[in-house]
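Just so you know, the sequences run in chain order A and B. Throughout the first sequence, residue numbering follows our numbering, covering 154 to 580 in sequence. Throughout the second sequence, residue numbering follows our numbering, covering 154 to 580 in sequence.
Be aware that a few hints might be false.
The list cannot tell twin chains apart, which means a pair is met if one copy fits it or any two copies do.
As the list claims (entries may be wrong) - Each computed DSS-like pair below joins lysine-lysine, with the alpha-carbon atoms no more than 27 Å apart:
{"hint": "1", "residue 1": "K222", "residue 2": "K390"}
{"hint": "2", "residue 1": "K572", "residue 2": "K304"}
{"hint": "3", "residue 1": "K367", "residue 2": "K428"}
{"hint": "4", "residue 1": "K390", "residue 2": "K432"}
{"hint": "5", "residue 1": "K219", "residue 2": "K572"}
{"hint": "6", "residue 1": "K390", "residue 2": "K210"}
{"hint": "7", "residue 1": "K222", "residue 2": "K210"}
{"hint": "8", "residue 1": "K384", "residue 2": "K428"}
{"hint": "9", "residue 1": "K432", "residue 2": "K384"}
{"hint": "10", "residue 1": "K432", "residue 2": "K261"}
{"hint": "11", "residue 1": "K219", "residue 2": "K428"}
{"hint": "12", "residue 1": "K210", "residue 2": "K261"}
{"hint": "13", "residue 1": "K210", "residue 2": "K428"}
{"hint": "14", "residue 1": "K227", "residue 2": "K384"}
{"hint": "15", "residue 1": "K367", "residue 2": "K222"}
{"hint": "16", "residue 1": "K390", "residue 2": "K261"}
{"hint": "17", "residue 1": "K384", "residue 2": "K222"}
{"hint": "18", "residue 1": "K222", "residue 2": "K432"}
{"hint": "19", "residue 1": "K572", "residue 2": "K227"}
For the record, the hints were derived by calculation from the structure and aren't laboratory data.
Residue-level listing of the chains:
Number of protein chains: 2
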Amino acid sequence: MKNIAIIAEAVKSDSYMLAAISEETRNRALTDIVRALSDGRAAILAANEADLTEAEKTGLAAPLLKRLKFDNDKLDGVIQGIRELAALPDPLFQTRFARQLDEGLILKQVTCPIGVIGVIFESRPDALVQISTLCLKSGNCAILKGGSEAKHTNAALFDLIHQAGVSAGIPAGFLTLLESREEIGALLSCEDSIDLLIPRGSNAFVRYIMDNTKIPVMGHADGICHVYVDKYADLEKSIPIVMDAKTQYVAVCNAAETLLVHRAVADAFLPLLSKAAEKAHVQLIGCPETQARIACIPARETDYRTEYLDYILTVRVVDGLDAAIGHINRYGSHHTDAILTEDPDRAERFMQLVDSADVFHNCSTRFSDGYRYGFGAEVGVSTSKLHARGPVGLEGLITYKYKLYGNGHVVADYASGQKAFRFADIS
Amino acid sequence: MKNIAIIAEAVKSDSYMLAAISEETRNRALTDIVRALSDGRAAILAANEADLTEAEKTGLAAPLLKRLKFDNDKLDGVIQGIRELAALPDPLFQTRFARQLDEGLILKQVTCPIGVIGVIFESRPDALVQISTLCLKSGNCAILKGGSEAKHTNAALFDLIHQAGVSAGIPAGFLTLLESREEIGALLSCEDSIDLLIPRGSNAFVRYIMDNTKIPVMGHADGICHVYVDKYADLEKSIPIVMDAKTQYVAVCNAAETLLVHRAVADAFLPLLSKAAEKAHVQLIGCPETQARIACIPARETDYRTEYLDYILTVRVVDGLDAAIGHINRYGSHHTDAILTEDPDRAERFMQLVDSADVFHNCSTRFSDGYRYGFGAEVGVSTSKLHARGPVGLEGLITYKYKLYGNGHVVADYASGQKAFRFADIS
Numbered sequence: 154m155k156n157i158a159i160i161a162e163a164v165k166s167d168s169y170m171l172a173a174i175s176e177e178t179r180n181r182a183l184t185d186i187v188r189a190l191s192d193g194r195a196a197i198l199a200a201n202e203a204d205l206t207e208a209e210k211t212g213l214a215a216p217l218l219k220r221l222k223f224d225n226d227k228l229d230g231v232i233q234g235i236r237e238l239a240a241l242p243d244p245l246f247q248t249r250f251a252r253q254l255d256e257g258l259i260l261k262q263v264t265c266p267i268g269v270i271g272v273i274f275e276s277r278p279d280a281l282v283q284i285s286t287l288c289l290k291s292g293n294c295a296i297l298k299g300g301s302e303a304k305h306t307n308a309a310l311f312d313l314i315h316q317a318g319v320s321a322g323i324p325a326g327f328l329t330l331l332e333s334r335e336e337i338g339a340l341l342s343c344e345d346s347i348d349l350l351i352p353r354g355s356n357a358f359v360r361y362i363m364d365n366t367k368i369p370v371m372g373h374a375d376g377i378c379h380v381y382v383d384k385y386a387d388l389e390k391s392i393p394i395v396m397d398a399k400t401q402y403v404a405v406c407n408a409a410e411t412l413l414v415h416r417a418v419a420d421a422f423l424p425l426l427s428k429a430a431e432k433a434h435v436q437l438i439g440c441p442e443t444q445a446r447i448a449c450i451p452a453r454e455t456d457y458r459t460e461y462l463d464y465i466l467t468v469r470v471v472d473g474l475d476a477a478i479g480h481i482n483r484y485g486s487h488h489t490d491a492i493l494t495e496d497p498d499r500a501e502r503f504m505q506l507v508d509s510a511d512v513f514h515n516c517s518t519r520f521s522d523g524y525r526y527g528f529g530a531e532v533g534v535s536t537s538k539l540h541a542r543g544p545v546g547l548e549g550l551i552t553y554k555y556k557l558y559g560n561g562h563v564v565a566d567y568a569s570g571q572k573a574f575r576f577a578d579i580s
Numbered sequence: 154m155k156n157i158a159i160i161a162e163a164v165k166s167d168s169y170m171l172a173a174i175s176e177e178t179r180n181r182a183l184t185d186i187v188r189a190l191s192d193g194r195a196a197i198l199a200a201n202e203a204d205l206t207e208a209e210k211t212g213l214a215a216p217l218l219k220r221l222k223f224d225n226d227k228l229d230g231v232i233q234g235i236r237e238l239a240a241l242p243d244p245l246f247q248t249r250f251a252r253q254l255d256e257g258l259i260l261k262q263v264t265c266p267i268g269v270i271g272v273i274f275e276s277r278p279d280a281l282v283q284i285s286t287l288c289l290k291s292g293n294c295a296i297l298k299g300g301s302e303a304k305h306t307n308a309a310l311f312d313l314i315h316q317a318g319v320s321a322g323i324p325a326g327f328l329t330l331l332e333s334r335e336e337i338g339a340l341l342s343c344e345d346s347i348d349l350l351i352p353r354g355s356n357a358f359v360r361y362i363m364d365n366t367k368i369p370v371m372g373h374a375d376g377i378c379h380v381y382v383d384k385y386a387d388l389e390k391s392i393p394i395v396m397d398a399k400t401q402y403v404a405v406c407n408a409a410e411t412l413l414v415h416r417a418v419a420d421a422f423l424p425l426l427s428k429a430a431e432k433a434h435v436q437l438i439g440c441p442e443t444q445a446r447i448a449c450i451p452a453r454e455t456d457y458r459t460e461y462l463d464y465i466l467t468v469r470v471v472d473g474l475d476a477a478i479g480h481i482n483r484y485g486s487h488h489t490d491a492i493l494t495e496d497p498d499r500a501e502r503f504m505q506l507v508d509s510a511d512v513f514h515n516c517s518t519r520f521s522d523g524y525r526y527g528f529g530a531e532v533g534v535s536t537s538k539l540h541a542r543g544p545v546g547l548e549g550l551i552t553y554k555y556k557l558y559g560n561g562h563v564v565a566d567y568a569s570g571q572k573a574f575r576f577a578d579i580s
């Protein structure tokens with residue numbers, strides 16, 4: 154096993170250099186990476202074949218096999234993604250504001266990279282390409298730990314990307330690939346060298362990372378999303394939204410897990426729901442009031458806190474709007490929650506009081522996603538309230554610094570009253 | 154001892170309500186607080202007298218006594234501060250961007266409060282007033298733990314502020330004052346109810362907080378700030394800047410601790426420094442090359458990592474600009490660092506490559522402060538790279554949420570290709 158702490162320190166050192174690399178050089182490197190991946194197509198596909206063969210031997214489950222597969226289509230997809238990324242405006246060196254503090258004393262807030270990003274992800278090899286190019290565009294060094302089942306594919310992709318980047322003039326530490334699972338523990342202790350961790354994987358995995366490091370973590374563990382059918386909902390319109398939120402893709406964090414129904418419409422709505430659920434093979438788990446109206450499995454309190462990621466929907470009848478808000482703030486995971494109502498004032502109250510990153514009116518929770526928000530590249534979804542929140546694009550990988558330009562200015566002159574600040578924003 | 158977890162949960166519940174209180178009500182509450190503090194002047198001063206009497210009995214050190222003192226001038230100062238705060242633009246309910254995703258599907262990024270802020274501070278009672286009004290303006294609930302030596306003053310201030318706020322229509326949980334030191338431990342475990350901790354106090358105290366909680370912490374432990382005198386520095390101009398950075402107020406985080414000198418100017422500069430340091434009673438600690446040129450105490454490596462907060466300056470001769478940058482990134486605390494040079498290109502390189510929140514050219518590190526940056530109210534100084542960095546104003550207490558307004562939109566239509574996104578920013 155390599156000494157991760159020493160590697161991370163060397164990467165940290167290179168990160169200071171990468172922070173000053175021009176937009177032109179970073180974009181040229183991205184273009185070179187496109188060419189390298191395109192030219193290396195045969196090697197990448199062969200490496201992926203090797204991973205797939207091994208995975209089939211060890212009996213990897215079908216959904217994981219599907220994620221692991223990296224064919225011509227997927228390669229074309231990530232190459233197109235890099236082209237779009239290169240065309241995005243530079244997130245670095247942007248002056249967010251400039252202000253004169255006094256004559257000849259100018260303050261600027263300027264964007265800069267975060268530094269070193271540690272990314273731990275599971276089988277999908279496309280994640281390696283996306284994350285490494287997002288970090289390069291934003292001037293960050295990336296230390297990647299991929300899944301061992303994708304090791305041949307990851308190694309092939311890494312070699313091509315790293316070599317193309319270095320040839321284009323990027324410091325060698327811009328990208329590091331770790332290989333063994335044992336290295337994760339060591340990585341989590343590198344709080345002096347790694348500025349941010351982005352774990353991409355199961356809830357339990359993300360929770361483990363969050364609980365075992367002092368490094369700030371960007372991401373989310375649970376995704377317990379709600380749809381609330383209000384007293385003033387259009388019930389016909391509500392059914393397709395609820396079913397989309399639940400079934401369009403059940404294994405993802407922005408799928409709905411709990412449906413809340415205003416008591417005043419429970420008699421009319423629940424039979425419609427029951428019919429739609431049966432048709433879509435969704436198992437309903439219901440509170441006593443739901444049980445009194447439709448066939449369902451009795452709900453326990455733990456169901457309100459469970460992310461099933463399956464064709465299962467928990468249903469609860471509530472007293473009204475504020476009870477729905479209270480339920481969501483209590484049992485939810487502050488990810489994405491929707492209200493279905495034709496009353497815009499009630500929608501606004503819900504969206505104001507529900508303490509989640511994404512609050513929706515009359516549409517499916519499944520829209521909560523960087524691509525659908527039009528962000529282009531996506532880093533992940535954050536349920537933290539600090540730094541980036543919700544679907545996170547490139548701006549989640551940058552921070553800023555204050556630059557102050559003077560000409561011999563000292564604080565003593567202002568403390569003594571000999572000089573006074575003359576603040577004036579510079580546009 | 155009260156059950157802190159239960160208190161924090163109740164505050165969390167009120168925080169959802171506070172997030173929706175109008176600007177008008179919050180500003181009216183601030184105005185009412187001004188009146189309450191003004192009318193309660195006699196009670197506040199009497200409470201402070203009681204604290205001072207007890208503190209003198211227990212032999213509190215003179216600088217702490219000075220901080221503890223809360224007289225007419227200090228009260229006028231905080232009252233003026235609240236008036237200015239009330240006049241600032243509302244940080245909440247601001248739409249940062251709006252975008253059409255498709256016809257009738259509108260995304261907005263809107264500012265909102267973080268939620269519940271825990272603030273732990275030492276003796277200064279003015280901090281209680283500043284923090285509680287900053288939190289109110291930004292729609293956050295505050296749980297405060299003040300120093301026991303200020304308990305009478307804090308209780309008097311809290312009663313006036315809390316009563317005025319509640320009378321103006323603010324939920325009672327907007328402000329909570331904890332009294333015993335034992336409660337800090339319980340507070341640090343409230344990661345489900347408290348969104349952010351702001352510790353204000355000594356390095357050891359802040360470090361202890363950071364190491365003993367899962368709640369995100371905003372602030373800084375060490376403040377090891379550097380001044381680098383470049384080969385192209387104007388030496389005459391440099392001396393007053395260095396002395397201001399070191400001596401204008403030695404006990405603060407933005408005072409310089411280490412001076413780096415380019416070897417090419419060491420012969421000319423160090424004797425000037427020696428003379429100025431002697432006059433200002435600053436003890437110099439020097440590297441071997443410094444020792445060879447002027448009288449000083451020999452430096453050990455630990456001196457480069459020590460925040461003396463005293464009339465002590467560590468001096469090191471370096472090979473050049475990049476050696477200075479390397480030293481700062483290695484030994485510094487990423488707070489504030491200055492270059493003194495007449496060459497703007499070298500200044501820009503330094504400001505680009507030094508990985509600190511505040512990087513200065515030809516002026517004193519002591520300018521690194523929210524008031525001097527023209528931010529008005531200051532929450533603290535952050536050396537974190539996530540969320541707010543450097544001196545933090547009101548914007549450090551807010552976050553945002555995404556609001557998505559639809560009309561029956563479901564993701565299945567876009568996944569099937571039946572509909573396509575039509576992104577268009579709305580100005």
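Evaluated hints:
no. : hint        : result
1   : K222 - K390 : neither (38 Å within a copy, 64 Å between copies)
2   : K572 - K304 : neither (64 Å within a copy, 38 Å between copies)
3   : K367 - K428 : neither (49 Å within a copy, 45 Å between copies)
4   : K390 - K432 : within (17 Å within a copy, 81 Å between copies)
5   : K219 - K572 : between (68 Å within a copy, 26 Å between copies)
6   : K390 - K210 : neither (47 Å within a copy, 73 Å between copies)
7   : K222 - K210 : within (15 Å within a copy, 75 Å between copies)
8   : K384 - K428 : within (20 Å within a copy, 80 Å between copies)
9   : K432 - K384 : within (25 Å within a copy, 78 Å between copies)
10  : K432 - K261 : neither (59 Å within a copy, 35 Å between copies)
11  : K219 - K428 : neither (32 Å within a copy, 73 Å between copies)
12  : K210 - K261 : neither (58 Å within a copy, 48 Å between copies)
13  : K210 - K428 : neither (42 Å within a copy, 77 Å between copies)
14  : K227 - K384 : neither (45 Å within a copy, 54 Å between copies)
15  : K367 - K222 : neither (34 Å within a copy, 38 Å between copies)
16  : K390 - K261 : between (50 Å within a copy, 23 Å between copies)
17  : K384 - K222 : neither (46 Å within a copy, 57 Å between copies)
18  : K222 - K432 : neither (31 Å within a copy, 73 Å between copies)
19  : K572 - K227 : between (63 Å within a copy, 22 Å between copies)
When each numbered hint is compared with the structure, violations occur for hints 1, 2, 3, 6, 10, 11, 12, 13, 14, 15, 17 and 18.
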